[in-house]
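Chain residues, written in single-letter form:
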Amino acid sequence: MKIRRNPRYLALKIESDKTFERKIFLNNVWRSLTKLYGEYGASKAGMALVEYEPEKGFAVLRCENEALTMVRAALATLTSIGEKRVAVHVLAISGTLRALRKKLSRGAEGLSESGGF
Amino acid sequence: MRRKFADLNLKPSVRDFGSAEALFEKACELGYSLVAASFPPDVNRERVAEFKRLCSGLGMDFAARVDLAPNSRRDLLRQLGRLRRRFEIVGVVCVSKAVARQAAKDRRVDLLVFPEFDPRKRFFDPQEAELASNALASLEVCMSSLLLAEGARRARLLSFLRREVAVASKFCVPVVVSSGASEPWLLRKPRELAVLATLFDMDFSEALNAVSAVPLAIVRRNREKLSSRFVAPGIRLVRRGKDC
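Quick note, the sequences are listed as chains A and B, same order.
Going by our numbering, the first sequence opens with residue 90, and the numbers climb by one from there.
Going by our numbering, the second sequence opens with residue 6, and the numbers climb by one from there.
None of these hints come from the bench; they were simulated from the model.
Yeah, the Cβ is synthetic: ideal placement off N, Cα and C, and Gly gets one too.
One or more of the hints may lead you astray.
Going by beta-carbon spacing under 10 Å, a handful of chain A positions derived as facing chain B [what the hints assert, rightly or not]:
id	residue
1	Ser105
2	Ala156
3	Thr158
4	Leu164
5	Ala165
6	Ser169
7	Val175
8	Ala176
Non-contacting residues of chain B with respect to chain A, defined by C-beta distances greater than 10 Å in every case (computed) [stated by the list, open to error]:
id	residue
9	Pro45
10	Arg91
11	Arg159
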């Protein structure tokens, strides 16, 4: 087992008519992950919500680098929270929060592809 | 050079221009440089031109697509003869084995589409793939059905797709990954579609090609064929005049 952690930070854009509480959003991401990969797979993700701004529809999620594809797939398959339609798009991915912020300020704030992730 | 992405299967409402506009705007925002909308075979040409203008205003390329759902082989041939030159992309929904086999070997067909959840109607087997590899047809995987399915239904769909993609890869049949979105919330970024394709064991770089190089090549090839200068594959009219 690896002792050293290798995290990835994902900046997310949450699109929905409604805003959700932090806990509800995170629970739904976990649910999506366990639906796709089961509890064993989800246990490898090491997922945590670092930042969450429901009014802006912005969040920063941390996960293990090894589970990055799994987490991205789980986010892509998230289509509803409760009765509300939702789409979560990844704006940027980085290994540190500082680099993530730098990427976002460089113009990845829109939804279009900024390449490299 | 930055990679260009294409979504060959948007399903906007032909009647509701506002919702179609919202769908195209979202696709543009998500980073697609080419989108194709599926029209009914009897669509008004003016409507297609309107969509084209709309996408052009957004800075996106637009291709018109038709999805044929013939009942028989003969019906498919008749529809292809009538519609091929009117649309840049032709997809065939294979509802029977005879239709699937004909569609796979017909060089006028671009995309083979299989109804999602009925295992008896998924005819993409090695024989079908071999026919498709000798023609020009690609296998289309529509992600909206994957997004909307849950539980055992999604597991079954992933299992079908895994087998079909493996067969396509073995016989060098190109795979196209598209959204199949009729509403903006069903659209995903191209790289997200590629990540979703890894769920059925597609390699990530291969999946990226399925949302970029493969669909772009299909549209390029068909535009060349539909141009008035096209004579035959590899032969095109360069100049007209008395001295030629």
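(message) Is the claim that Arg159 of chain B lies outside the interface with chain A correct, judged by CB distances over 10 Å?
(response) violated (8 Å)
(request) Double-check Ser169 of chain A for me: the hint is only fine if its C-beta lies closer than 10 Å to a C-beta in chain B. (result) Hint on Ser169 of chain A: holds, closest Cβ of chain B at ~9 Å, below 10 Å.
(request) For the hint on Thr158 of chain A, just tell me whether its beta-carbon gets within less than 10 Å of chain B. (result) holds (6 Å)
(request) Classify the label on Arg91 of chain B as holds or violated, using whether its beta-carbon is more than 10 Å from each beta-carbon of chain A. (result) holds (32 Å)
(message) So, as I understand it, the hint says Ala176 of chain A touches chain B; can you test that by seeing if any CB pair is closer than 10 Å?
(response) Given a least distance of 5 Å, the restraint on Ala176 of chain A holds.
(request) Using 10 Å as the Cβ threshold, decide whether Ser105 of chain A counts as touching chain B. (result) Hint holds; Ser105 of chain A Cβ to chain B Cβ min 8 Å, cut 10 Å.
(message) Please check whether Ala165 of chain A passes as an interface residue: C-beta within 10 Å of a C-beta belonging to chain B.
(response) holds (4 Å)
(message) Quick check on the hint: Val175 of chain A CB to chain B CB, less than 10 Å?
(response) holds (7 Å)
(message) Does Ala156 of chain A hold up as a contact with chain B if the rule is Cβ-Cβ below 10 Å?
(response) Given a least distance of 12 Å, the restraint on Ala156 of chain A is violated.
(request) Could you check that no beta carbon of chain A comes within 10 Å of the beta carbon of Pro45 of chain B? (result) holds (26 Å)
(message) Can you verify the interface hint for Leu164 of chain A: is its Cβ closer than 10 Å to any Cβ in chain B?
(response) holds (8 Å)
When the structure is compared with the earlier hints, violations turn up for hints 2 and 11 and for no others.
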